[in-house]
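Residue numbers (my numbering), protein chains in the order written: chain B, 204 to 543; chain S, 267 to 372.
It should be emphasised that the hints constitute simulated quantities derived from the structure, not laboratory data. Please note that the accuracy of each hint is not assured.
[Unchecked claim] Listed next, the in silico BS3-like pairs over lysine-lysine satisfying Cα-Cα at most 27 angstroms (straight line):
#1 B:K252 to S:K329
#2 B:K339 to S:K326
#3 S:K370 to B:K452
#4 B:K434 to S:K278
#5 B:K327 to S:K346
#6 B:K514 to B:K531
#7 S:K326 to B:K385
#8 S:K326 to B:K496
#9 S:K366 to B:K429
#10 B:K452 to S:K278
#11 B:K402 to B:K339
#12 B:K437 to S:K346
#13 B:K496 to B:K466
#14 B:K496 to B:K465
#15 B:K409 to S:K346
#16 S:K370 to S:K278
#17 S:K330 to B:K398
#18 B:K409 to S:K326
#19 S:K278 to B:K385
[As the list claims (entries may be wrong)] From chain B, some residues computed to sit far from chain S (all C-beta separations above 12 angstroms):
#20 F375
#21 I408
#22 F446
#23 K521
C-beta: ideal position from N, C-alpha, C; glycine also.
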Amino acid sequence: MIKTDVLIIGAGPVGIFAVQQLGLIGLKSEVVDNLDKIGGQCIELYPDKPIYDIPALPECTGQSLTENLLEQIKPFKTNFHLNERVQEITKEDKNWKIQTSGKKIFLAPNIIIAAGVGSFEPRKFSINEAEKFENKGVFYSIKDKSFFNNKKVCIFGGGDSALDWAIELSKFADVTLLHRRKEFRGAEHSISVAKQLEKEGKLKIKTPFQINSIEGDSNITGITIKTEEGKIEKIATDCVLGFFGLIMKLGPIAEWGLNLDKKTIPVNTESFQTNKEGIFAIGDICTYPGKLKLILSGFHEGALAARACFKLARPNEKYRFEFTTTSKALQGRLGIKKSD
Amino acid sequence: MPKITYIEHNGKSHTIEVAKELTVMEGAVQNNIPGIDADCGGACACATCHVYVDEKWFNKLPKKENAEEDMIDVAFEPNKFSRLTCQITVTDELDGLVVKMPSKQA
Numbered sequence: 204m205i206k207t208d209v210l211i212i213g214a215g216p217v218g219i220f221a222v223q224q225l226g227l228i229g230l231k232s233e234v235v236d237n238l239d240k241i242g243g244q245c246i247e248l249y250p251d252k253p254i255y256d257i258p259a260l261p262e263c264t265g266q267s268l269t270e271n272l273l274e275q276i277k278p279f280k281t282n283f284h285l286n287e288r289v290q291e292i293t294k295e296d297k298n299w300k301i302q303t304s305g306k307k308i309f310l311a312p313n314i315i316i317a318a319g320v321g322s323f324e325p326r327k328f329s330i331n332e333a334e335k336f337e338n339k340g341v342f343y344s345i346k347d348k349s350f351f352n353n354k355k356v357c358i359f360g361g362g363d364s365a366l367d368w369a370i371e372l373s374k375f376a377d378v379t380l381l382h383r384r385k386e387f388r389g390a391e392h393s394i395s396v397a398k399q400l401e402k403e404g405k406l407k408i409k410t411p412f413q414i415n416s417i418e419g420d421s422n423i424t425g426i427t428i429k430t431e432e433g434k435i436e437k438i439a440t441d442c443v444l445g446f447f448g449l450i451m452k453l454g455p456i457a458e459w460g461l462n463l464d465k466k467t468i469p470v471n472t473e474s475f476q477t478n479k480e481g482i483f484a485i486g487d488i489c490t491y492p493g494k495l496k497l498i499l500s501g502f503h504e505g506a507l508a509a510r511a512c513f514k515l516a517r518p519n520e521k522y523r524f525e526f527t528t529t530s531k532a533l534q535g536r537l538g539i540k541k542s543d
Numbered sequence: 267m268p269k270i271t272y273i274e275h276n277g278k279s280h281t282i283e284v285a286k287e288l289t290v291m292e293g294a295v296q297n298n299i300p301g302i303d304a305d306c307g308g309a310c311a312c313a314t315c316h317v318y319v320d321e322k323w324f325n326k327l328p329k330k331e332n333a334e335e336d337m338i339d340v341a342f343e344p345n346k347f348s349r350l351t352c353q354i355t356v357t358d359e360l361d362g363l364v365v366k367m368p369s370k371q372a
């Protein structure tokens with residue numbers, strides 16, 4: 204069990220900056236995120252797209268913003284628990300007990316939800332049979348590629364994941380790559396490698412096709428695919444892989460008894476506390492009159508939530524407002540040593 | 267103001283006035299029309315504001331950019347009339363536009 208002052212859900216820019224605001228006032232935090240990397244939407248959706256409205260940064264990208272924020276929280280040596288989704292929270296005396304999908308348990312008086320639009324999960328096939336065969340022939344990620352050795356594999360998707368896996372698996376499996384249109388959107392190099400493999404007869408490419416049905420009882424025996432005009436073809440296959448990117452889902456947060464307004468959590472603008480004591484929401488996931496879904500608003504929200512966390516984490520101490528420019532205590536926490 | 271008709275997957279139709287310069291997505295979100303999620307807020311990064319544009323209207327819209335076509339790849343059950351509403355700006359020419367929402371966005 205990990206004890207901390209604040210458990211932060213979400214490693215996007217707002218969650219990272221909350222670490223800094225908490226660290227400055229002497230509170231320790233741990234961060235949990237369902238993605239395999241730090242940065243949230245900034246990294247997953249638009250790492251290279253420019254952002255022009257971060258104060259004092261005329262231009263940055265999702266990637267550079269994340270890197271700079273991580274630099275800013277270095278003094279606090281914060282643990283990030285990636286590939287973990289918070290599943291359950293329960294109240295235990297004055298603390299929240301937080302359990303993740305990876306069975307990690309945290310104990311903290313405060314939880315800050317900085318989860319954006321929820322956790323990222325793979326987009327799935329829309330047909331009903333896909334669910335029945337999920338992890339039994341239908342996959343959205345690959346953990347052990349040797350599983351596909353000598354198998355017939357159909358890969359759906361037009362981006363880099365679909366192309367890269369088609370190229371890789373074609374070395375030892377019978378692979379068909381399928382996509383809804385003729386153009387692939389992956390890297391030029393991968394596209395030309397795939398086309399070359401097709402010429403050599405090592406990879407089949409079928410476009411423009413989408414999945415129509417999956418056939419089989421306990422194991423998949425084949426699939427049918429269709430064009431937009433309704434032309435249907437049948438392919439014998441053992442496995443079906445779908446690489447359609449990630450989608451955001453609110454997930455277990457909806458079951459914690461928090462007030463919800465559509466997919467957002469109402470908060471008061473003094474402390475950013477939700478309807479539950481010790482649970483705060485900041486960034487895109489919170490809502491209040493006048494809410495703007497801007498990264499800069501999330502930074503402000505985190506600063507206020509951090510002060511509110513102090514009261515529950517240090518009930519016997521008095522919080523003092525100080526500036527980093529002048530406070531020795533704050534500079535000490537930042538690891539700044541001045542020789543004067 | 268131009269009128270836009272949004273038809274839910276169950277057939278329920280909503281015709282509303284949307285101010286010029288807003289996107290078709292913003293028109294739906296600001297008027298609480300169900301069926302358009304717009305998770306990323308309009309950055310052409312999530313494909314959850316996906317619609318099927320009425321056949322009569324499809325060719326009257328400004329053409330898709332590559333980024334939109336790429337995102338439609340991951341939309342829920344796309345077809346040849348698929349568009350992302352965050353990439354369609356409302357103009358006088360679009361007065362009367364009809365779009366249909368898919369059964370879900372993801």
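Distance restraint between K434 of chain B and K278 of chain S, which requires alpha-carbon spacing of 27 angstroms or less
Roughly 30 angstroms between the alpha carbons, so the hint for K434 of chain B and K278 of chain S is violated.
Check whether the Cα positions of K252 of chain B and K329 of chain S lie no farther apart than 27 angstroms.
holds, 22 angstroms
Are K370 of chain S and K452 of chain B close enough, with their CA atoms no more than 27 angstroms apart?
holds, 13 angstroms
Between the alpha carbons of K402 of chain B and K339 of chain B, is the straight-line distance 27 angstroms or under?
The hint is violated at about 31 angstroms.
Is the nearest CB of chain S more than 12 angstroms from the CB of K521 of chain B?
At roughly 39 angstroms from the nearest Cβ of chain S, K521 of chain B sits farther out than 12 angstroms, so the non-interface label holds.
Under the criterion that the straight-line Cα-Cα distance not exceed 27 angstroms, is the pair K366 of chain S, K429 of chain B satisfied?
holds, 22 angstroms
Beyond 12 angstroms on every Cβ pair: is that true for F446 of chain B relative to chain S?
At roughly 9 angstroms from the nearest Cβ of chain S, F446 of chain B sits no farther out than 12 angstroms, so the non-interface label is violated.
27 angstroms limit on alpha-carbon distance, applied to hinted pair K326 of chain S and K385 of chain B:
Answer holds: K326 of chain S to K385 of chain B is near 24 angstroms, not above 27 angstroms.
When you check the alpha-carbon spacing of K409 of chain B and K326 of chain S, does it fall within 27 angstroms?
violated, 31 angstroms
Determine whether the non-interface label on I408 of chain B survives the test: each CB of chain S must be over 12 angstroms from its CB.
holds, 15 angstroms
Beyond 12 angstroms on every Cβ pair: is that true for F375 of chain B relative to chain S?
holds, 27 angstroms
Given the proposed pairing of K370 of chain S with K278 of chain S, does the C-alpha separation stay at or below 27 angstroms?
holds, 14 angstroms
The structure shown violates the earlier hints numbered 2, 4, 8, 11, 18, 19, 22.
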